[in-house]
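Enquirer: Here the protein sequences line up with chains V and U, keeping their order. Each residue of the first sequence is one higher than the last, beginning at 18 in my numbering. Each residue of the second sequence is one higher than the last, beginning at 550 in my numbering.
It is possible that part of the hints are untrue.
Here are the in silico distance ranges between beta carbons for each label pair [what the hints assert, rightly or not]:
{"#": "1", "chain 1": "U", "residue 1": "747", "chain 2": "V", "residue 2": "23", "range": "50 to 56 Å"}
{"#": "2", "chain 1": "U", "residue 1": "667", "chain 2": "V", "residue 2": "214", "range": "55 to 61 Å"}
{"#": "3", "chain 1": "V", "residue 1": "23", "chain 2": "U", "residue 2": "743", "range": "44 to 50 Å"}
In silico DSS-like pairs for lysine-lysine, Cα to Cα no more than 30 Å straight-line [claimed, not checked]:
{"#": "4", "chain 1": "U", "residue 1": "553", "chain 2": "U", "residue 2": "683"}
{"#": "5", "chain 1": "U", "residue 1": "721", "chain 2": "U", "residue 2": "616"}
{"#": "6", "chain 1": "V", "residue 1": "156", "chain 2": "U", "residue 2": "683"}
{"#": "7", "chain 1": "V", "residue 1": "89", "chain 2": "V", "residue 2": "172"}
{"#": "8", "chain 1": "U", "residue 1": "683", "chain 2": "U", "residue 2": "622"}
{"#": "9", "chain 1": "U", "residue 1": "553", "chain 2": "V", "residue 2": "172"}
{"#": "10", "chain 1": "V", "residue 1": "172", "chain 2": "V", "residue 2": "156"}
{"#": "11", "chain 1": "V", "residue 1": "156", "chain 2": "U", "residue 2": "721"}
{"#": "12", "chain 1": "V", "residue 1": "89", "chain 2": "V", "residue 2": "156"}
{"#": "13", "chain 1": "V", "residue 1": "172", "chain 2": "V", "residue 2": "19"}
{"#": "14", "chain 1": "V", "residue 1": "89", "chain 2": "U", "residue 2": "622"}
{"#": "15", "chain 1": "U", "residue 1": "616", "chain 2": "V", "residue 2": "89"}
Since the hints were made in silico from the structure, they are not lab data. Just so it is clear, CB atoms sit at the ideal spot from N, CA and C, and this is done for glycine as well.
The chain contents come next:
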Amino acid sequence: MKRLDRDAMAARVARDIPEGAYVNLGIGLPTRVADFLPVDREVVLQSENGLLGMGPAPAAGDEDPELINAGKQPVTLLAGGAFFHHADSFAMMRGGHIDICVLGAFQVSVHGDLANWHTGAPGAIPAVGGAMDLAIGAKRTFVMMDLLTREGQSKLVEACSYPLTGLACVSRIYTDHAVFDVGPEGASVVEMIDGLTLDALQGLTGVPLRMDA
Amino acid sequence: MIDKSVASVRAAVADIGDGASVMIGGFGTAGMPDELIEALIDRGVGDLTIINNNAGNGETGVAALIKAGRVRKIICSFPRQSDSHHFDARYRAGEIELELVPQGNLAARIQAAGAGLGAIFTPTGYGTLLAEGKETRRIDGRDYVLEYPIHADFALIKAHRADRWGNLVYRKTARNFGPIMAMAARTAIVQVDEIVPLGSLDPETVVTPGIFVQRVVALGASVARAA
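Start from the sequences and build out the full structure, keeping to the hints where you can.
Expert: Here you go:
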């Protein structure tokens with residue numbers, strides 16, 4: 018049984034992003050999805066700091082400190098791209114104009130509640146950024162994460178113990194073990210890596226799972 | 550004759566006093582009006598309430614203001630970052646108050662102030678810690694949180710070009726909060742690379758109309774870009 022590595026997870030997410038989609042990729046792991054979108058598929062990437070049509074990182078020496086992404090890294094603008102201010106940027110999310118956003122997570126519940134902004138640990142300085150707007154605003158919110166923490170705890174849970182980012186906002190979770198759909202009916206397994214069984218997956222997560230035929 | 554141009558950054562911030570609320574444009578360092586902030590630090594005023602997306606990056610801009618101990622409260626969405634050490638230290642020491650606002654709510658509340666709205670209902674944050682104790686309402690089957698506008702005495706903004714009426718164009722992602730902060734502050738002070746003759750900005754591409762701007766100061770192209 019071979020778990021998916023980060024690139025394989027990113028490639029799997031990219032498969033589900035259709036031609037013509039307006040997409041926001043969250044900071045961190047989701048950013049990698051951009052590398053696996055086929056060049057002949059027109060997908061428009063939005064960056065919350067104010068651009069549509071975001072392109073890859075510039076060549077060394079071509080960086081512009083005023084052309085950055087949400088992670089504050091230098092990027093490029095593709096032909097057809099546009100700049101806009103912050104209120105318009107978040108209107109794109111809240112207003113339901115973004116088709117898909119892909120976010121990282123600490124925990125996701127079987128009903129699609131998301132926790133990804135704050136561990137709630139004493140002394141931790143909280144930072145939320147655009148996570149709450151993205152989670153509830155996009156037409157579909159995907160999460161990309163390892164299924165288990167380093168300590169082996171499932172991050173797919175019955176109910177989140179960390180502070181919530183949004184209620185019932187996630188529709189699909191891509192992990193290194195399996196892809197899940199979550200929602201009002203609970204969690205269902207879309208696909209699993211070779212060698213894994215539903216029983217074994219159930220054992221890892223500790224939550225009720227079903228597999229739709 | 551209307552002439553909003555001011556000779557120096559020092560003159561541009563000369564009436565910002567102790568206890569003022571100041572919106573500062575910029576997302577990270579893109580669009581951060583470093584020179585206006587330096588002039589504000591030189592004025593020696595303190596007890597400021599700062600509204601910005603972040604709580605300072607590295608050593609310049611908002612970080613320098615915090616380092617100098619001039620900030621009583623910060624309203625922002627993303628304080629904690631790898632290079633927010635000046636904020637982190639003051640916050641842990643209990644020397645700075647933090648109002649954490651989801652980024653889109655921050656933008657919407659600033660825009661609401663500029664647009665003269667009494668409040669907004671936003672879906673963002675519903676059911677989370679950041680909406681605790683706030684009024685909510687279900688409208689057409691969706692849950693919303695009541696949030697109030699954020700006003701400010703001043704806004705410090707970086708744009709690319711202005712004319713003497715205060716019309717502005719920005720450069721790339723440095724635009725970010727500039728247009729809405731200019732609307733929301735009683736006095737919007739803008740540093741630009743150059744002030745061009747009236748009529749030379751294409752009216753179809755003006756992003757911030759001069760009605761929202763009170764002062765402009767020309768600095769020449771920024772050091773970072775000239776390098």
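Enquirer: Any hints from earlier that this structure breaks? Give me their numbers in increasing order, please.
Expert: 4, 9
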